[in-house]
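Trainee: Join these two chains into a complex; the hints should help.
Read off the chains here:
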Amino acid sequence: MRIAVCIKRVPITGGRILLTDDARAINTQHLGFTMSPHEECGVEEAARLIEANKGESVVLTLGPPEAVEQLRDAMALGVDRAIHLQTDGQEWDAEATASALLEAISADEAAYGPFDIVFFGNESADSGGFQVGIRVGYALGRPCVTGLKKVTVEGSSVRCEQEVEGGRDVYVVPLPAVLTVKEGLNLPRYPSVPGKMRARSKPVAVATPTRLAPRLELVRLAVPAGQGRRAESLGNGATAAPAVVEVLRKAGVL
Amino acid sequence: MNVLVLMEPGDPSRQALTLARKFGDPRSVRMDAIQPFAPDALAATLALAADQLNVSAVFAAGTDRGNEVMARLAARAGLPLATNCIAVTPGQPVELTRLRWGGSLLEEARLHSPRPLITVAPHTVPADTGPAPAELDLKPSAESELVVRVSDHVAPSNGGVSLTTAKVIVSGGRGVGSKEGFAIIEELASLLGAAVGCSRAVTSAGWRPHTDQVGQTGTKVAPEVYIACGISGATQHMAGLKGAKRIVAINSDPQAPLMLNADYTVTGDLKEIVPAITAEIRKRK
Chain A
92 MRIAVCIKRV PITGGRILLT DDARAINTQH LGFTMSPHEE CGVEEAARLI EANKGESVVL
152 TLGPPEAVEQ LRDAMALGVD RAIHLQTDGQ EWDAEATASA LLEAISADEA AYGPFDIVFF
212 GNESADSGGF QVGIRVGYAL GRPCVTGLKK VTVEGSSVRC EQEVEGGRDV YVVPLPAVLT
272 VKEGLNLPRY PSVPGKMRAR SKPVAVATPT RLAPRLELVR LAVPAGQGRR AESLGNGATA
332 APAVVEVLRK AGVL
Chain B
602 MNVLVLMEPG DPSRQALTLA RKFGDPRSVR MDAIQPFAPD ALAATLALAA DQLNVSAVFA
662 AGTDRGNEVM ARLAARAGLP LATNCIAVTP GQPVELTRLR WGGSLLEEAR LHSPRPLITV
722 APHTVPADTG PAPAELDLKP SAESELVVRV SDHVAPSNGG VSLTTAKVIV SGGRGVGSKE
782 GFAIIEELAS LLGAAVGCSR AVTSAGWRPH TDQVGQTGTK VAPEVYIACG ISGATQHMAG
842 LKGAKRIVAI NSDPQAPLML NADYTVTGDL KEIVPAITAE IRKRK
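So the sequences go chain by chain: A and B.
Counting the first sequence from 1 gives a position; our numbering is that position plus 91.
Counting the second sequence from 1 gives a position; our numbering is that position plus 601.
The following block holds chain B by itself, in its conformation from the complex (with noise of 0.2 Å):
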């Protein structure tokens, strides 16, 4: 038995792959088969190639482009979906554990489809080292399924560094009090080559762009070291967290939660603690 998998670059498609295997013998759809990016004609793509080997589950990493061509390929083929599942055993139903509230909630639940549709949250399984499967060949795409397609792109604006790639974040949360109070995170973060994070509190309040917001709807990043400053670390907040190496915690309430799930903690005012430690590296240059 076949089971399909789509394959994009990097870590995630291995890991997709890992489950998969579970399923059979892996083919595989290259993300980039068809260029520029057209989602439906991706889908329709997959669609064609699980009925023509009779697959016994179709795979993708639960990355944005992942999820949205298994949803496509789902709407079309009329059968649900599991998305950034964590473990799966095969059977009917499938059985399966999947990320709810962006990795702060399991859920355990029982897949009942004639072709499982699944996708696997990145960075939860390890990375297949196998040999890679083998991509099938593909069939020119029908107009029709290339009305949305990617037309343009658009550079980054910002010319600071990103929070995706960056070693390390400074983040400031509600206990920075406005907007003009980000200075002393801005002057660490320059000073430390670092990018400036913050919580869905300040960019609500319209304190910070929300480019800057780091959480399950904002950026999830993977820095060397993160410094929480004033943030009480809801769980919106911490599920971007999940990547970080090291979490710094600075907070006037030793009891807040993301003081309770860091790594080193600072208990105090952010206004004198901040300061003290662009002082303190100032010195020491």
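One chain only, chain A, in its complex shape (with noise of 0.2 Å):
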């Protein structure tokens, strides 16, 4: 079984959001970094199915020269091997990010044989844009499924859970397939100090495609104002419970 999980670094932004001079970017100076939330999943999944059917998995990343190290990190979850798809760090839109990625598949599948899942988050932390996997399925010419929950491979095909409102819709496809899940398809593992000893001296290949001018094109930032909510302390401690459950009669809950 061979699977490929594509990831993105995004900063650890924590209570609140400061930006750079020129509106474009988040100031990272003081923050750490991450995969999004959602890609993790998919990390942890493609390690889960290589370890129950052998094979080999493949982490890809879009972004700046730093990404190595989530890279490294999904590498620490069990992935076998890593592609760098090298920028300067510019903004890249979902199109030109699934062109590049696209590209590196295929080489890969070009040299080693098709992938039998490719793993995408179902929307990045920060664009959210909810397109990249799809637009790699689709190129590829293979059933894409979004938003999973649970995947379960039976045979030549992939049975999916996609979380709906009131339950989860089903959704059997042959493989090979493209999936994009959500967090809380598994429970990620701590990675263990042995399994990042051995994702440091894993091979990561590294190539720096051409950015294509984006066509959704990103002008600046700005930070949304305020809920205006002004809070009102209720007090410290014990002795503020019955104006808690004031506010609760208030409200109409009681």
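Hint data in this document are derived by calculation from the structure and do not stem from the laboratory.
The beta carbon of each residue, even a glycine, is placed where N, CA and C say it ideally should be.
Treat the hints loosely; a few may be bogus.
[Unchecked claim] Pairs of lysine-lysine residues, derived as DSBU-like cross-links and limited to a Cα-Cα distance of at most 35 Å, are as follows: (1) B:LYS884 - A:LYS341; (2) B:LYS768 - A:LYS341; (3) B:LYS821 - A:LYS293; (4) B:LYS740 - A:LYS240; (5) B:LYS884 - A:LYS241; (6) B:LYS821 - A:LYS240; (7) B:LYS780 - A:LYS241; (8) B:LYS846 - A:LYS341; (9) A:LYS287 - B:LYS623; (10) A:LYS241 - B:LYS821; (11) B:LYS740 - B:LYS780.
[As the list claims (entries may be wrong)] Some chain A residues flagged as far from chain B (calculated, every beta-carbon gap over 10 Å): (12) SER247; (13) VAL297; (14) PRO300; (15) ARG306.
[As the list claims (entries may be wrong)] Sample of chain B residues facing chain A (criterion: CB under 7 Å; computed from the structure): (16) PRO681; (17) ALA710; (18) HIS713; (19) GLU744; (20) LEU747; (21) VAL749; (22) VAL751; (23) ASP753; (24) HIS754; (25) PRO757; (26) GLU781; (27) ALA835; (28) PRO858.
Mentor: Written out as structure tokens, the structure reads:
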């Protein structure tokens, strides 16, 4: 079995977002980075599938040189090797991102055979375009199922559960397929120390794709005005309990 | 000039219609036009209708289904797609504002496209109150478009109060301290007929299932009262709270972002405060 998983490096924003002077990006000077939450579950699922079925898993990202940290994180969870599509840190829109990933996936498949599953996050934490996985699925001519909370390989097909209001919708599609997943699909393991050690020596292939002019062009970012809430203190400690109950009563929920 | 709108039941599609009217006279395709749901077939239908009517733009609500079908249309037609917009100005390019980070950040952008494809973030613009747009007649779908289709449905597994419909949510964060620490949260919730929620830190630690998580990658909630116990209020969490009517924050740190973004705050140890609230409600009953 061969599994690919695509991830994106994003800042850990914490409680308050600050922008750069030109307002075209988040000021990340004091921030750590991670992979988007949905994708972490894609990585875990890829690792579990290869542990159960043998074969090879590959993690791909498009991002600045520092994104190698997130590739190492994925390999620490069990992914075998990485492909880093390096950028100079500029924003790539979803179309350009999908086309660079498609090219890398196709090249890897030409050399090593097709991937049974290519995993994506349902949407990235930052730009939230909801489309890179679907674009790659179409370009590969493979069925694509989105927003998955459960994935079960059954022979030459895959059973997929998608969370919807009032339960889950089930899809069964033939492999190979492109699947976009959501957090909650699984509980990603903590990377073990030996896992992190092994990740350091796993191979990372680097390519530098050419950035196409974005057709969805970011002009500037803005922090939205606050929700206009002005916190009223009900007091300190257990003595505030009657005041809390009064709030519940006034809201008509008691 | 016509504009095409993918319509679902409910307000978000009427909100999308509000912005769509800026691009022309709306015609619609229903999200449930193809049963069972088959997103490729729906995207193919939209693509055909958009070509035949030579529409100026295609709109949908920025729901899971809306974003998914529009992304398939974009991929099929080889066009860019702007998701979760809150404002659009027609032109070449289209000037727009869209949500990033689940609404914690706004992006102003230009959409360069011969046929703009746009989804509208739910509950960010007023709902259209005009007449429903005329629905288009559909042709039967090709078999190849039906490979991805819903073949079964699984009912929700837990019998508890649903986060999405709960009137009250009692939610715990890292400050709860442990899996067992949620006993006092559950006790208060059960007394109030409330749902139990939690932050991402809690699900990552394995204290609660992901189905309890409120936030950008969890559930977006809209209760009358949200009681946040020991939750710092990272943007990830706040993105799920935009629909909450009243927020009560209980935290030992008065400077925690959630304490600054709440309506009511109680400063102190949640392990004392939460049981005190439970006792006070019992006393009154």
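Trainee: Indicate, hint by hint, whether the structure satisfies it.
Mentor: Quick rundown of the hints versus the structure:
{"no.": "1", "hint": "B:LYS884 - A:LYS341", "result": "holds (17 Å)"}
{"no.": "2", "hint": "B:LYS768 - A:LYS341", "result": "holds (13 Å)"}
{"no.": "3", "hint": "B:LYS821 - A:LYS293", "result": "violated (39 Å)"}
{"no.": "4", "hint": "B:LYS740 - A:LYS240", "result": "holds (32 Å)"}
{"no.": "5", "hint": "B:LYS884 - A:LYS241", "result": "violated (44 Å)"}
{"no.": "6", "hint": "B:LYS821 - A:LYS240", "result": "holds (16 Å)"}
{"no.": "7", "hint": "B:LYS780 - A:LYS241", "result": "holds (24 Å)"}
{"no.": "8", "hint": "B:LYS846 - A:LYS341", "result": "holds (13 Å)"}
{"no.": "9", "hint": "A:LYS287 - B:LYS623", "result": "violated (54 Å)"}
{"no.": "10", "hint": "A:LYS241 - B:LYS821", "result": "holds (20 Å)"}
{"no.": "11", "hint": "B:LYS740 - B:LYS780", "result": "violated (54 Å)"}
{"no.": "12", "hint": "SER247", "result": "holds (13 Å)"}
{"no.": "13", "hint": "VAL297", "result": "holds (27 Å)"}
{"no.": "14", "hint": "PRO300", "result": "holds (18 Å)"}
{"no.": "15", "hint": "ARG306", "result": "violated (4 Å)"}
{"no.": "16", "hint": "PRO681", "result": "holds (4 Å)"}
{"no.": "17", "hint": "ALA710", "result": "holds (5 Å)"}
{"no.": "18", "hint": "HIS713", "result": "holds (5 Å)"}
{"no.": "19", "hint": "GLU744", "result": "violated (13 Å)"}
{"no.": "20", "hint": "LEU747", "result": "violated (10 Å)"}
{"no.": "21", "hint": "VAL749", "result": "holds (5 Å)"}
{"no.": "22", "hint": "VAL751", "result": "holds (4 Å)"}
{"no.": "23", "hint": "ASP753", "result": "holds (4 Å)"}
{"no.": "24", "hint": "HIS754", "result": "holds (6 Å)"}
{"no.": "25", "hint": "PRO757", "result": "holds (5 Å)"}
{"no.": "26", "hint": "GLU781", "result": "violated (18 Å)"}
{"no.": "27", "hint": "ALA835", "result": "holds (6 Å)"}
{"no.": "28", "hint": "PRO858", "result": "holds (3 Å)"}
The earlier numbered hints that this structure contradicts are 3, 5, 9, 11, 15, 19, 20 and 26.
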